[in-house]
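**Student:** So the protein lines, in turn, are chains A and B. Numbering follows my numbering, in which position 188 of the first sequence is assigned residue number 188; successive positions increment by one, without gaps. Numbering follows my numbering, in which position 126 of the second sequence is assigned residue number 126; successive positions increment by one, without gaps.
To be clear, the hints were calculated from the coordinates, so they are not data collected in a lab. A virtual CB, placed ideally from N, CA and C, is assigned to each residue, including glycine. Incorrect hints may appear among the rest.
As the list claims (entries may be wrong) - Partial selection, computed: residues in chain B whose CB lies under 7 Å from chain A: (1) 82; (2) 104; (3) 142.
Stated by the list, open to error - With a straight-line cut-off of 25 Å between C-alpha atoms, the simulated DSS-like cross-links for lysine-lysine are: (4) B/120 / A/120; (5) A/120 / B/307; (6) A/25 / B/270; (7) B/265 / A/135; (8) A/234 / B/295; (9) B/233 / A/25; (10) B/97 / B/120; (11) B/120 / A/233; (12) B/234 / B/270; (13) B/234 / A/25; (14) B/307 / B/295.
What the hints assert, rightly or not - Derived, one-sided and incomplete: chain B residues facing chain A with beta-carbon distance under 8 Å: (15) 144; (16) 145; (17) 244.
Number of protein chains: 2
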Amino acid sequence: MQNIAYFAQYLEKEIENLDFPLTPKNLYDPLRYFMNLGGKRMRPMLTLMSTELFGSTKENALPAALAVEIFHNFSLIHDDLMDNAPLRRNQPTVHTKWNDHIAILSGDVLLIKAYQELCKLDASVLPEILNVFNKTAVEVCEGQQMDMDFEILNDVSSSDYIEMIRLKTSVLLACAIEMGGIIAKTTSENRRLIYEFGQHLGIAFQIQDDFLDVYGDAGKFGKQVGGDILSDKKTFLLLRAFELANETQKQHFISLRTNEVAEDKIKQTKQLYDDLNIVLETKKAMDIHYEIALKALDEVQVDESKKKVLRDLAAYLLVREV
Amino acid sequence: MQNIAYFAQYLEKEIENLDFPLTPKNLYDPLRYFMNLGGKRMRPMLTLMSTELFGSTKENALPAALAVEIFHNFSLIHDDLMDNAPLRRNQPTVHTKWNDHIAILSGDVLLIKAYQELCKLDASVLPEILNVFNKTAVEVCEGQQMDMDFEILNDVSSSDYIEMIRLKTSVLLACAIEMGGIIAKTTSENRRLIYEFGQHLGIAFQIQDDFLDVYGDAGKFGKQVGGDILSDKKTFLLLRAFELANETQKQHFISLRTNEVAEDKIKQTKQLYDDLNIVLETKKAMDIHYEIALKALDEVQVDESKKKVLRDLAAYLLVREV
């Protein structure tokens, strides 16, 4: 059984070798740029690991792994534009480096390229792969729309939020890992279980992302700590805090929205979070989904020793000591 | 053999019955709205006609026909946004009626829906269908990028322009009609010929579109006559005229760019077109492609009588007496 670094190196090389045409330059240069900004390559790695878990080879799964990474990058290019984000992995986003129209169109072509990769798979698995991929791709769009809708809604609950992140991010991890099961032609029960593993791992990971934005180590995290607080983003922490708050605390949260002094806004929000035990609440929510994920993995019918690399990946993604 | 109206009615009913989810409302309402704005449904009609031409049934081809129409609508939603167009078929465009972000995301989900339709086809034809569809979808994006690039280039030739419209619009007609050949499992030579028919019909049709913008009957055409002249759009007419113009006429064209008096700008441009015989030049270009299209159709190896409906459609699309 291989380790995380082995899969990561293999993927990085294959992503680097993706062969985009040279012209039209304004269509393909942004793709070359964006696909090579790096990242953990978590989704394609799940596809490869799952394929090997169920007894096939990473080479058989490569088109599916690349497709899921390409799809992820398509959605990032369009989301960055819609969220008006200037940076991605500390580099200018496509609409910033080029322009809005180029971000739309190069995103579109990248989505089509994902399907071109999928079509390199063996015809015997293609219909099932496309079923899962299409369903997931639609759900990711639905999640992004819910996220945009939440921005202007006042009554979003923490469970609405979990459903939104499930669609916006977790189902793609679940799809990535289920595709490995399809390629290796495992049982439908194993497919269902490994999908569950991916989905709940994804939810736990996303809640952790919200947590680290407030409590993470700026150096390790690579983002501005408190960014979500400053932009009044409706994160799990904020929504859960609002649910637990008494009337006075609710008014305090509302008054903080117009507080323009960054340091003070972060400090007061964190104080409210402390008063409401939000660290514990958030860890509880993460743990619930992490446990469901691990239980599903336990139940997968393959040799226990082969599961180690997935357990390692889960532990690597969820930095439990934070 | 059925006639155009028969296919049109069948399609309109099936498009009306497309089953988009109710929520998220801001994601799916725009799709319901846009897909039902009407239009000639030229592309899906070509798929159905071609399928029957080669001996299969329209029901077998329906998913491919719907997919090509859905794809076309996806590209219109994004193009309208990029072109900043307020109206489509005399109704507000999606980014006008909703907003830019909704136009991006509902376009994205529509592109995925096209693939979902394709996946309803028989698995035996799916890989070949996807190959043609993916290649075409990429080309359409390349054509749109070239179109955007041309806006700021000063040395676009009329043949660059033909290549751009070939990619931006004609290959989708060609794909639509070739898919019928794939579904009906015709020979590869017939597939090649029917693709050629669709492609050159598309080019002729697009040149006609430029022509009608200047010389069409406003009532029949449903657009403002002279709109392309007023927006300095690089059409076939303008690019060909510029190629044929002497130095004085070139300077005249350039000076007209800053002419803000609409009626005068149209009148002077048309005078230049007349001096340069642009009506004849344009008809010549249309004829070249129309003839190539008809010749390819002639060579298709099926009973001549079955080709009538495609000849009728070609004649209907290309109003030769204008």
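**Student:** Does each hint fit the structure? Answer for all of them.
**Tutor:** These are the hints, each one checked on the structure:
Given the 7 Å rule on beta carbons, the hint for residue 82 of chain B holds: about 5 Å separates it from the nearest Cβ of chain A. Hint status for residue 104 of chain B: holds, given a least beta-carbon distance of 6 Å to chain A, under 7 Å. Checking residue 142 of chain B against chain A by beta carbon gives a least distance of about 6 Å; that is within 7 Å, so the hint holds. A threshold of 25 Å between alpha carbons decides the hint, and for residue 120 of chain B with residue 120 of chain A the separation of about 19 Å falls inside it, so the pair holds.
Proposed proximity of residue 120 of chain A and residue 307 of chain B is contradicted: the alpha carbons are some 35 Å apart, above 25 Å. Of the pairs offered as hints, the one joining residue 25 of chain A and residue 270 of chain B is violated, with about 35 Å between alpha carbons and a cut-off of 25 Å exceeded. Straight-line distance between C-alpha atoms of residue 265 of chain B and residue 135 of chain A comes to about 52 Å, which puts the hinted pair past the 25 Å bound. Between residue 234 of chain A and residue 295 of chain B, the direct Cα distance comes to roughly 62 Å. Violation of the 25 Å bound is thereby established for this hinted pair.
A threshold of 25 Å between alpha carbons decides the hint, and for residue 233 of chain B with residue 25 of chain A the separation of about 22 Å falls inside it, so the pair holds. Only pairs whose Cα atoms come within 25 Å are accepted, and residue 97 of chain B paired with residue 120 of chain B is rejected, the gap being roughly 32 Å. Distance check on the hinted pair: residue 120 of chain B and residue 233 of chain A sit about 40 Å apart at the alpha-carbon level, beyond 25 Å; violated. Distance hint between residue 234 of chain B and residue 270 of chain B is fulfilled; the C-alpha atoms sit about 15 Å from each other, no more than 25 Å.
Restraint check for residue 234 of chain B and residue 25 of chain A: the C-alpha separation of about 20 Å stays at or below 25 Å, so the hint holds. Proximity of residue 307 of chain B to residue 295 of chain B is assessed by CA-CA distance (about 12 Å); at most 25 Å being required, the pair is judged to hold. With its C-beta approaching chain A no nearer than about 6 Å, residue 144 of chain B sits inside the 8 Å limit, and its interface hint holds. Against a cut-off of 8 Å between C-beta atoms, the interface hint on residue 145 of chain B holds, since the closest Cβ of chain A lies about 4 Å away.
Because the beta carbon of residue 244 of chain B sits about 27 Å from the nearest beta carbon in chain A, more than 8 Å, this interface hint is broken.
In this structure, the earlier hints numbered 5, 6, 7, 8, 10, 11 and 17 are contradicted, and the remaining ones agree with it.
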